[in-house]
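Enquirer: Using the sequences provided together with the hints, build the complete structure.
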Amino acid sequence: DGGITQSPKYLFRKEGQNVTLSCEQNLNHDAMYWYRQDPGQGLRLIYYSQIVNDFQKGDIAEGYSVSREKKESFPLTVTSAQKNPTAFYLCASSAGQPGRTEAFFGQGTRLTVV
Amino acid sequence: AQSVSQHNHHVILSEAASLELGCNYSYGGTVNLFWYVQYPGQHLQLLLKYFSGDPLVKGIKGFEAEFIKSKFSFNLRKPSVQWSDTAEYFCAVSLYSSASKIIFGSGTRLSIRP
Numbered sequence: 005d006g007g008i009t010q011s012p013k014y015l016f017r018k019e020g021q022n023v024t025l026s027c028e029q030n031l032n033h034d035a036m037y038w039y040r041q042d043p044g045q046g047l048r049l050i051y052y053s054q055i056v057n058d059f060q061k062g063d064i065a066e067g068y069s070v071s072r073e074k075k076e077s078f079p080l081t082v083t084s085a086q087k088n089p090t091a092f093y094l095c096a097s098s099a100g101q102p103g104r105t106e107a108f109f110g111q112g113t114r115l116t117v118v
Numbered sequence: 031a032q033s034v035s036q037h038n039h040h041v042i043l044s045e046a047a048s049l050e051l052g053c054n055y056s057y058g059g060t061v062n063l064f065w066y067v068q069y070p071g072q073h074l075q076l077l078l079k080y081f082s083g084d085p086l087v088k089g090i091k092g093f094e095a096e097f098i099k100s101k102f103s104f105n106l107r108k109p110s111v112q113w114s115d116t117a118e119y120f121c122a123v124s125l126y127s128s129a130s131k132i133i134f135g136s137g138t139r140l141s142i143r144p
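In order, the protein sequence lines correspond to chains A and B.
Heads up, the first sequence is in my numbering, so the first residue is 5 and it goes up one at a time.
Heads up, the second sequence is in my numbering, so the first residue is 31 and it goes up one at a time.
Mixed in with the good hints there might be a few duds.
To be verified - Sample of chain B residues facing chain A (criterion: CB under 8 Å; computed from the structure):
#1 LYS79
#2 LEU86
#3 VAL87
#4 SER130
#5 LYS131
#6 ILE133
#7 SER136
To be clear, the hints were calculated from the coordinates, so they are not data collected in a lab.
Beta carbons: idealized from backbone N, C-alpha and C, even for Gly.
Expert: So this is what it looks like as structure tokens:
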């Protein structure tokens with residue numbers, strides 16, 4: 005089945021530690037995204053990548069980093085610089101071309117920092 | 031900066047009532063428009079999309095939306111809601127000039143009384 009796989013579903017980390025969230029897609033999509041979902045704030049864009057080896061900051065990139073070494077993979081690192089990292093993180097992908105921009109989402113990773 | 035506004039944060043309706051959820055965006059250029067739905071415990075799913083052509087688009091589960099360019103709006107409608115429509119609904123915009131960037135609104139929680 006084609007889709008987007010995020011792992012793990014739940015993640016717990018101690019304050020001050022970096023943590024990497026995995027996102028893999030087998031839809032052959034060029035574009036990939038990371039969003040953060042908080043109650044009442046909708047989905048806020050952290051980073052997005054239109055092609056391999058290229059990515060752009062979204063609206064709330066501070067404290068996060070990404071890489072896009074392979075078309076299928078777009079891991080997100082939540083660094084210790086992120087002041088409020090506890091949240092639900094969603095990865096998505098799209099064909100990324102005019103007329104084919106709808107995003108497909110993974111199940112999400114709930115990160116809790118204690 | 032581009033933004034998407036959903037002014038209804040929580041809507042409560044009885045079954046069989048009609049639904050209209052508002053969505054406005056701020057961007058002067060060509061846009062692609064989407065409504066997504068998140069049922070409790072499930073992935074975000076695409077309800078409907080508008081790229082071009084007829085401004086009245088029909089989606090899954092009896093939903094429709096109308097793009098009014100002069101009002102920068104893309105409101106979601108359903109003539110008669112069911113208890114199973116209880117979910118959170120998100121409006122999203124993809125900027126044609128940057129086909130890969132997708133911006134979401136803050137979401138509207140819909141509760142249906144049986």
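Enquirer: If a hint holds in the structure, say so; if it does not, say that too.
Expert: These are the hints, each one checked on the structure:
{"no.": "1", "hint": "LYS79", "in the structure": "holds, 5 Å"}
{"no.": "2", "hint": "LEU86", "in the structure": "violated, 18 Å"}
{"no.": "3", "hint": "VAL87", "in the structure": "violated, 12 Å"}
{"no.": "4", "hint": "SER130", "in the structure": "holds, 4 Å"}
{"no.": "5", "hint": "LYS131", "in the structure": "holds, 6 Å"}
{"no.": "6", "hint": "ILE133", "in the structure": "holds, 7 Å"}
{"no.": "7", "hint": "SER136", "in the structure": "holds, 4 Å"}
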